[in-house]
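Undergrad: Sequence:
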Amino acid sequence: MDHALDNRLDNRLDNRTSRRTLALFGATLVLAVLASPLFAIYELLIGSLGLVATGLLARLRDGAGTMTATVVFAGVLAGSLPYLAAAPFVF
1 MDHALDNRLD NRLDNRTSRR TLALFGATLV LAVLASPLFA IYELLIGSLG LVATGLLARL
61 RDGAGTMTAT VVFAGVLAGS LPYLAAAPFV F
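Residues in the sequence shown are numbered consecutively from 1, following UniProt numbering.
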């Protein structure tokens, strides 16, 4: 009985965490897309280097801060990609 209750609580916490993570990623993505016409190359560099750094950090110390940093850097990287994909067609 306790095992079933634990599974339900874990699932509810996982859903809440995934919704917050998705909202954080979406907000970061929108901000990065709005800033990308000026800073697309810098966002690409910061996003990719940040993802590598947080990936290495997650191997040493896993926690909410590491996950948050990973999501933010992924949003920054994803925000620069539409402009970089469209760049060859502009000129």
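Think of the hints as simulated: they come from the structure by calculation, not from any bench. There could be a bad hint or two in this list.
Have a look at the derived ranges for each label pair, beta carbon to beta carbon [as the list claims (entries may be wrong)]:
| no. | residue 1 | residue 2 | range |
| --- | --- | --- | --- |
| 1 | Tyr-42 | Asn-15 | 28 to 38 Å |
| 2 | Leu-60 | Ala-87 | 33 to 43 Å |
| 3 | Arg-61 | Thr-21 | 33 to 43 Å |
| 4 | Asp-62 | Val-90 | 12 to 22 Å |
| 5 | Arg-20 | Val-90 | 14 to 24 Å |
| 6 | Gly-26 | Leu-49 | 35 to 45 Å |
| 7 | Asn-15 | Leu-45 | 14 to 24 Å |
| 8 | Gly-63 | Val-90 | 25 to 35 Å |
We put the beta carbon where it would ideally sit given N, CA and C, even for glycine.
Undergrad: Decide, hint by hint, whether the structure agrees.
TA: Status of each hint after checking the structure:
1. Distance hint for Tyr-42 and Asn-15: a CB-CB separation of about 35 Å, consistent with the stated range 28 to 38 Å.
2. With their beta carbons about 36 Å apart, Leu-60 and Ala-87 fall inside the hinted range of 33 to 43 Å.
3. The hinted range of 33 to 43 Å is not satisfied by Arg-61 and Thr-21, whose Cβ atoms lie roughly 18 Å apart.
4. Between Asp-62 and Val-90, the C-beta spacing of about 41 Å breaks the proposed range 12 to 22 Å.
5. Evaluation of the 14 to 24 Å hint for Arg-20 and Val-90 yields a failure: the beta carbon distance comes to about 36 Å.
6. About 22 Å separates the C-beta atoms of Gly-26 and Leu-49, a value inconsistent with the hinted range of 35 to 45 Å.
7. In this structure the supplied range 14 to 24 Å is violated for Asn-15 paired with Leu-45, their Cβ-Cβ distance being about 34 Å.
8. At about 42 Å, the CB distance of Gly-63 to Val-90 disagrees with the hint of 25 to 35 Å.
Hints 3, 4, 5, 6, 7, 8 from the list above are not met by this structure, while the remaining hints are.
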